[in-house]
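Each chain, written out:
2 protein chains.
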Amino acid sequence: MKNFFVSKSRRIRSTPFTSRIERQGVKSYTVYNHMLLPTTFSSPEEEYNHLKEHVQVWDVSVQREIEISGKDSYKLVQLMTCRDLSNSSVGRCYYAPLVDLHGKLINDPLIYKVEENKWRICIADSDVLLFAKGIAETKEFNVQIKEADIDTLAVQGPKSFKLMSKVFGEKINNLRFFNFEYFVYNDYKYLISRSGFSKQGGFEIHIDNIEAGLRLYDYFFEIGNEFNLKPGTPNHPERIEGGLLSYGNDMDLGDNPYECGFDRYINLESDIMFLGKESLKEIEQKGVSRKLMGLKIETNSLVVNKWLPLLNKDNIEIGELRSGAYSPKFKKIVGIGMVKKEYCKEGENILVNSDGKILSGEVCNLPII
Amino acid sequence: MKNFFVSKSRRIRSTPFTSRIERQGVKSYTVYNHMLLPTTFSSPEEEYNHLKEHVQVWDVSVQREIEISGKDSYKLVQLMTCRDLSNSSVGRCYYAPLVDLHGKLINDPLIYKVEENKWRICIADSDVLLFAKGIAETKEFNVQIKEADIDTLAVQGPKSFKLMSKVFGEKINNLRFFNFEYFVYNDYKYLISRSGFSKQGGFEIHIDNIEAGLRLYDYFFEIGNEFNLKPGTPNHPERIEGGLLSYGNDMDLGDNPYECGFDRYINLESDIMFLGKESLKEIEQKGVSRKLMGLKIETNSLVVNKWLPLLNKDNIEIGELRSGAYSPKFKKIVGIGMVKKEYCKEGENILVNSDGKILSGEVCNLPII
Numbered sequence: 002m003k004n005f006f007v008s009k010s011r012r013i014r015s016t017p018f019t020s021r022i023e024r025q026g027v028k029s030y031t032v033y034n035h036m037l038l039p040t041t042f043s044s045p046e047e048e049y050n051h052l053k054e055h056v057q058v059w060d061v062s063v064q065r066e067i068e069i070s071g072k073d074s075y076k077l078v079q080l081m082t083c084r085d086l087s088n089s090s091v092g093r094c095y096y097a098p099l100v101d102l103h104g105k106l107i108n109d110p111l112i113y114k115v116e117e118n119k120w121r122i123c124i125a126d127s128d129v130l131l132f133a134k135g136i137a138e139t140k141e142f143n144v145q146i147k148e149a150d151i152d153t154l155a156v157q158g159p160k161s162f163k164l165m166s167k168v169f170g171e172k173i174n175n176l177r178f179f180n181f182e183y184f185v186y187n188d189y190k191y192l193i194s195r196s197g198f199s200k201q202g203g204f205e206i207h208i209d210n211i212e213a214g215l216r217l218y219d220y221f222f223e224i225g226n227e228f229n230l231k232p233g234t235p236n237h238p239e240r241i242e243g244g245l246l247s248y249g250n251d252m253d254l255g256d257n258p259y260e261c262g263f264d265r266y267i268n269l270e271s272d273i274m275f276l277g278k279e280s281l282k283e284i285e286q287k288g289v290s291r292k293l294m295g296l297k298i299e300t301n302s303l304v305v306n307k308w309l310p311l312l313n314k315d316n317i318e319i320g321e322l323r324s325g326a327y328s329p330k331f332k333k334i335v336g337i338g339m340v341k342k343e344y345c346k347e348g349e350n351i352l353v354n355s356d357g358k359i360l361s362g363e364v365c366n367l368p369i370i
Numbered sequence: 002m003k004n005f006f007v008s009k010s011r012r013i014r015s016t017p018f019t020s021r022i023e024r025q026g027v028k029s030y031t032v033y034n035h036m037l038l039p040t041t042f043s044s045p046e047e048e049y050n051h052l053k054e055h056v057q058v059w060d061v062s063v064q065r066e067i068e069i070s071g072k073d074s075y076k077l078v079q080l081m082t083c084r085d086l087s088n089s090s091v092g093r094c095y096y097a098p099l100v101d102l103h104g105k106l107i108n109d110p111l112i113y114k115v116e117e118n119k120w121r122i123c124i125a126d127s128d129v130l131l132f133a134k135g136i137a138e139t140k141e142f143n144v145q146i147k148e149a150d151i152d153t154l155a156v157q158g159p160k161s162f163k164l165m166s167k168v169f170g171e172k173i174n175n176l177r178f179f180n181f182e183y184f185v186y187n188d189y190k191y192l193i194s195r196s197g198f199s200k201q202g203g204f205e206i207h208i209d210n211i212e213a214g215l216r217l218y219d220y221f222f223e224i225g226n227e228f229n230l231k232p233g234t235p236n237h238p239e240r241i242e243g244g245l246l247s248y249g250n251d252m253d254l255g256d257n258p259y260e261c262g263f264d265r266y267i268n269l270e271s272d273i274m275f276l277g278k279e280s281l282k283e284i285e286q287k288g289v290s291r292k293l294m295g296l297k298i299e300t301n302s303l304v305v306n307k308w309l310p311l312l313n314k315d316n317i318e319i320g321e322l323r324s325g326a327y328s329p330k331f332k333k334i335v336g337i338g339m340v341k342k343e344y345c346k347e348g349e350n351i352l353v354n355s356d357g358k359i360l361s362g363e364v365c366n367l368p369i370i
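If you read the sequences in order, they're chains A and B.
Going by the numbering used here, the first residue of the first sequence is number 2, and it counts up by one from there.
Going by the numbering used here, the first residue of the second sequence is number 2, and it counts up by one from there.
Honestly, the hints are just simulated from the structure, not real lab data.
Just so you know, these numbers come straight off a predicted model, no measurement behind them.
A portion of the hints provided could be inaccurate.
With a cut-off of at most 25 Å between alpha-carbon atoms, the simulated SDA-like pairs for lysine to any residue come out as follows [what the hints assert, rightly or not]: (1) B:Lys140 to A:Ile284; (2) B:Lys28 to A:Glu68; (3) B:Lys231 to A:Leu303; (4) A:Lys119 to B:Leu102; (5) B:Lys28 to A:Gln79; (6) A:Lys28 to B:Lys140; (7) B:Lys3 to A:Lys140; (8) A:Lys140 to B:Lys358; (9) A:Lys358 to B:Ser10; (10) A:Lys28 to B:Leu303; (11) A:Lys307 to B:Lys358; (12) B:Lys307 to A:Asn210; (13) B:Lys358 to A:Ser20; (14) B:Lys3 to A:Gln79; (15) A:Lys307 to B:Asp219; (16) B:Lys3 to A:Glu68; (17) A:Lys282 to B:Gln145; (18) A:Lys140 to B:Leu254; (19) A:Lys147 to B:Gly255; (20) B:Lys140 to A:Gln79; (21) B:Lys297 to A:Asp356; (22) A:Lys147 to B:Gly243; (23) B:Lys28 to A:Asn34; (24) A:Lys28 to B:Asp219; (25) A:Lys28 to B:Gln145; (26) A:Lys307 to B:Asn34; (27) B:Lys28 to A:Lys147; (28) B:Lys72 to A:Leu102; (29) A:Lys3 to B:Thr41; (30) A:Lys28 to B:Ser29; (31) B:Lys330 to A:Ser10; (32) B:Lys200 to A:Ser10; (33) B:Lys307 to A:Lys3.
These stretches of chain A come out as covered by chain B in the derived footprint (C-beta under 8 Å, 3 or more residues) [what the hints assert, rightly or not]: (34) 46-55; (35) 97-110.
All C-beta atoms, glycine included, are put in the ideal place defined by N, C-alpha and C.
Model the full assembly from the supplied sequences, consistent with the hints where possible.
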């Protein structure tokens with residue numbers, strides 16, 4: 002595939018770390034929430050192997066945080082998600098599908114309950130702020146809605162625990178998965194969650210002060226050598242194998258949360274109020290006809306920048322391959338696809354139509370192990 | 002400025018014309034409404050000169066069209082915009098600022114009234130679909146909201162009239178500015194508007210059938226030689242000189258339509274209902290303290306990928322430069338900036354702080370002539 006340059010403008014915002022990662026040799030970007038997301042420093046394969054053994058710092062400032070505060074903030078947040086947040090606790094993050102009236106996916110954010118009446122919705126790539134505004138301003142809710150001035154660094158990989166405790170002290174290793182707390186470095190308090198878009202363990206640091214963020218960034222790379230620290234990015238083969246979904250790639254407004262395997266985040270039995278409740282009840286009753294599944298495809302190289310048709314042995318379309326990347330572990334392409342229910346079985350043989358070239362593959366469960 | 006590659010994935014959609022423009026030598030992209038927008042084939046200067054003399058075809062499929070239909074469609078569209086659409090006509094396009102409850106800008110689309118109860122909102126770069134959904138699904142409006150399967154080709158430049166009449170017949174030249182009609186080529190009916198993001202005249206072709214769109218695209222380049230037709234893109238210096246604003250660059254959710262010079266699209270005296278009406282009344286009464294203005298800056302080269310502070314002669318900040326590009330006409334940088342009211346005078350001297358480098362310039366009216 003030929004390479005093309007990205008044009009920068011203010012509409013596609015840089016992050017506070019952009020100039021640093023450019024000095025560190027970033028090669029390519031994508032755009033996510035109107036902002037630059039680095040995608041490679043060396044190669045996805047090299048970075049995959051490094052991520053699984055060592056530790057990386059990622060500039061994931063693109064995970065913009067929509068802050069909803071005020072008396073009606075719970076009501077608004079709950080209206081947008083099918084996950085029951087009525088018993089949620091300050092200090093915890095909730096992976097919570099946002100759905101519209103028809104039960105279709107608007108986004109799949111991690112929602113942080115920061116205070117009793119303050120939430121931060123850490124969004125995937127769609128303007129959740131506008132959805133929240135549309136609802137709140139029509140309902141005349143007593144809320145403030147804004148994109149918070151927060152930029153995020155992810156520290157990911159097995160050695161992230163050692164690196165982070167060297168900077169923030171041993172007690173950071175007591176932080177449990179999807180919990181967050183404040184930790185101090187150099188007199189500044191950082192909100193840190195045990196979270197991140199990899200399966201290798203790690204943290205996300207939510208930075209509300211650019212000076213403090215840059216100081217921290219530089220300090221990581223000052224002391225990081227002993228952990229073989231490198232700058233990195235969310236890694237496609239790793240996240241696909243881990244079954245971490247990417248909104249806009251694996252699912253979008255055409256899909257419902259049951260099709261995406263989000264069953265445990267859909268709380269129809271509770272008496273919470275959310276927009277898509279009646280629709281999801283109907284969908285649940287009827288059952289879904291397709292699901293997101295893992296896929297292994299017999300080739301070393303495949304460009305998946307659009308959904309590619311999946312076929313059965315009779316060349317009948319049975320779904321689409323939605324993401325794909327070369328896996329250094331399986332030595333073939335691993336992918337995520339929406340698959341007709343009767344083919345959603347581990348080991349089921351399928352074909353992929355890549356612009357006329359037919360590849361063979363098989364269905365597998367997520368995560369791909 | 003160093004160049005970086007753009008990573009493609011399905012989340013950043015290609016258009017039906019992407020493979021063609023890549024064969025035609027596109028060099029760079031930006032991302033707009035989650036889709037690829039080409040930005041250069043040769044150089045902005047060369048394309049500026051060509052656009053002003055000849056004709057270009059642009060792949061502007063990124064101008065996604067949010068279709069709102071059904072019994073309550075007018076009510077919904079009107080709730081989002083401060084422009085009075087109560088007397089609007091089928092066959093016309095309306096440039097209409099969308100505003101939130103606080104009178105801040107959500108988007109600045111061109112709204113097409115396609116049928117009595119069917120509208121298409123041709124959007125700038127923000128997810129207006131989600132704003133519309135938030136309102137409609139809360140109000141329980143009887144509407145259907147979707148992103149239409151429409152991709153747009155712009156034909157721009159002084160020779161666009163000759164090229165288009167050769168393809169669609171002489172009567173296309175009777176189409177008036179911001180009107181649209183259906184025209185036939187090769188047995189297919191295309192919705193064509195007299196519109197486009199340049200001041201050189203031209204049309205936009207709204208393509209609802211990919212095969213037909215590709216046939217038309219190829220035909221343009223088959224017969225285009227006599228008009229010196231080239232593939233092109235929206236041209237920054239040309240659109241800045243023309244005073245055509247770019248949402249996300251020149252203005253965003255922090256600005257109100259009075260500050261952007263949209264006064265003639267704000268109809269407070271009519272009895273229409275829209276979300277931001279009370280806020281805009283207050284703003285109008287108080288008057289604004291700053292406005293978008295043209296700027297000329299004494300340098301040949303300036304990177305504006307963030308807002309750059311504007312200073313007065315005492316080094317006091319008086320606004321920001323928001324867009325800038327080298328103008329082959331003025332042989333300097335032309336720009337658009339938000340300027341404190343007392344400095345909003347043609348010829349007013351200002352300074353620009355570009356990462357510590359101080360440049361001199363002057364304020365001018367838009368369009369810059």
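(request) Please name the hints from earlier in the document that this structure breaks, with their numbers sorted from lowest to highest. (result) Hints 2, 3, 5, 6, 7, 8, 11, 14, 16, 21, 22, 24, 25, 27, 33 and 34 not satisfied by this model.
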